[in-house]
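Chemist: Sequence:
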Amino acid sequence: MMPLDGRRVLVMGLGLFGGGVGAVRFLCKEGARVTVTDLRPAEALRESLKALDTLPVVYRLGGHEAADFRAADLIVANPGVPRSSPFLKDAGKRGIPVTTEICLFAERCKAPVVGITGSSGKTTTTSLAGEMIRRRYPRTMVGGNIGGSLLNELDEITADTRVVLELSSFQLDRLTEMKWSPQTAVVTNFAPNHLDIHGSLEVYKRAKRQIVAHQDVRDVAVLNGDDPEVRRWSGDGRRIVFSAQPASRADVYLVDGEIRHRIGGFEKTVCPAGEVALPGKHNLSNALAASGAALSNGVAESDIAAVLRTFKGLSHRLERVAEIRGVTYYNDSIATSPDRTQVALSALPPGLVLIAGGYDKGLAFSTLGRQIGRRVSHLVLMGQTSDAIAASVPAGSTTRILRADSLDDAVSAAAKRAAPGSTVLFSPASASYDRFRNFTERGDRFRQLVLDMRTDDG
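Oh and the sequence shown: position 342 is 342 in the numbering used here, straight run, nothing missing.
Because the hints were derived from the structure by calculation, they are not lab data. Remember, it's a predicted structure, so these values are computed and weren't measured experimentally. For every residue, glycine included, the Cβ atom is placed at its ideal position computed from N, Cα and C. Accuracy of the hints is not assured; some may be wrong.
[Unchecked claim] DEER-style ranges, computed between Cβ atoms:
| id | residue 1 | residue 2 | range |
| --- | --- | --- | --- |
| 1 | MET1 | ARG374 | 48 to 58 Å |
| 2 | ASP409 | ARG70 | 44 to 54 Å |
| 3 | ASP160 | SER346 | 19 to 29 Å |
| 4 | VAL58 | PRO350 | 48 to 58 Å |
| 5 | ARG262 | ASP73 | 46 to 56 Å |
[Stated by the list, open to error] Derived PhoX-like pairs (lysine-lysine); straight-line CA-CA distance at most 20 Å:
| id | residue 1 | residue 2 |
| --- | --- | --- |
| 6 | LYS110 | LYS29 |
| 7 | LYS110 | LYS179 |
| 8 | LYS89 | LYS110 |
| 9 | LYS312 | LYS281 |
| 10 | LYS179 | LYS205 |
| 11 | LYS205 | LYS110 |
Can you make the complete structure from the sequences, with help from the hints?
Modeler: If you want it as structure tokens, here you go:
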């Protein structure tokens with residue numbers, strides 16, 4: 001670890017999600033001389049800047065200056081900054097080390113880590129696993145790609161703590177240089193995503209596989225046996241395979257309507273699958289993944305069952321917002337890729353109204369289009385991906401396609417077409433960056449639009 005006291009550290013990309021703020025606070029606490037550079041102006045970063053307004057930080061906002069990078073002893077890059085950045089390439093040629101918030105944390109964390117990744121489901125699985133593991137280890141901490149940085153909690157983390165981290169492909173990619181993998185690695189699934197940043201499917205896959213690539217014989221990999229890609233992954237540690245297929249040869253599985261496991265050599269029941277509070281088949285898979293992580297950390301079946309019976313889910317993830325005039329509205333703003341929207345469509349009755357579209361990440365919509373043609377009565381499209389999604393719906397489908405100029409207009413159009421007893425699903429299959437700062441802001445806006453309709457309805 002590089003000592004930080006007195007070092008000139010450049011934070012590239014303050015961001016809006018909390019990781020950059022946490023890194024700056026930590027660096028200042030360690031005595032570093034911190035400069036923050038971000039392409040966005042101060043107005044766009046006002047919330048993050050307000051959180052740091054008492055710290056001795058130099059800001060270079062609205063653009064990057066090469067001199068700041070060349071003057072740095074260390075660069076802490078936002079995980080979403082691509083490796084192809086000319087500023088980072090120049091730093092590499094000059095021998096200036098580049099790290100990230102998650103790397104700073106991983107090299108200093110004294111506790112065993114449960115790391116969870118996947119193209120979808122990782123946030124729900126992380127939250128479930130955190131609640132389960134907290135039943136045995138009350139001081140369990142949850143962080144990473146979910147919520148804020150844990151860097152400033154390092155003083156509270158000891159060897160008898162457990163840390164549960166959601167890990168994105170960007171975070172894992174940067175952990176490559178450290179040759180670090182968590183003691184318990186969980187992979188929910190794999191599907192194309194973030195190709196606009198990673199550049200290719202193989203690079204994205206390689207980043208995701210880092211979660212198991214450096215495990216040793218003492219470690220555990222909890223893998224989705226129903227995913228043809230993920231079930232081939234492994235490091236040097238023990239494999240725990242989970243599966244929702246009754247006939248599978250898995251370690252955590254569904255059979256006769258129950259979640260069971262055979263970790264330890266004897267089959268034991270966790271709970272009936274019908275008692276899992278989260279809706280949808282995809283959430284049963286998330287429940288199996290979290291159960292595998294918890295069981296491998298010594299959590300009792302009764303504690304796992306208690307969490308599965310009570311955990312209601314997270315905002316923006318197939319979140320039931322309201323029923324208005326007989327129509328049920330679901331907020332699935334987390335769906336920033338086609339495969340996430342496919343999962344949401346499978347979890348709800350056919351004949352629904354779907355609102356989709358947004359920023360174009362260069363993903364294909366052909367499989368989603370076929371599912372839309374089978375399950376969607378009206379498709380309301382907005383944003384950059386509107387044409388691509390519309391073109392993916394098979395010719396001859398009975399799905400009616402409408403266009404909207406904004407989310408406000410899309411919600412209004414969907415409400416007019418939805419019959420009593422039907423469902424309106426907001427699951428964009430696209431990122432939010434063309435109109436919103438992130439999927440959270442987008443989902444909050446959808447929720448408010450729906451609740452405003454309930455107010456108008458009296």
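Chemist: If a hint holds in the structure, say so; if it doesn't, say that too.
Modeler: Verification of the hints:
{"no.": "1", "hint": "MET1 - ARG374: 48 to 58 Å", "result": "holds (54 Å)"}
{"no.": "2", "hint": "ASP409 - ARG70: 44 to 54 Å", "result": "holds (48 Å)"}
{"no.": "3", "hint": "ASP160 - SER346: 19 to 29 Å", "result": "violated (41 Å)"}
{"no.": "4", "hint": "VAL58 - PRO350: 48 to 58 Å", "result": "holds (56 Å)"}
{"no.": "5", "hint": "ARG262 - ASP73: 46 to 56 Å", "result": "holds (52 Å)"}
{"no.": "6", "hint": "LYS110 - LYS29", "result": "holds (19 Å)"}
{"no.": "7", "hint": "LYS110 - LYS179", "result": "holds (17 Å)"}
{"no.": "8", "hint": "LYS89 - LYS110", "result": "violated (32 Å)"}
{"no.": "9", "hint": "LYS312 - LYS281", "result": "holds (15 Å)"}
{"no.": "10", "hint": "LYS179 - LYS205", "result": "holds (16 Å)"}
{"no.": "11", "hint": "LYS205 - LYS110", "result": "violated (28 Å)"}
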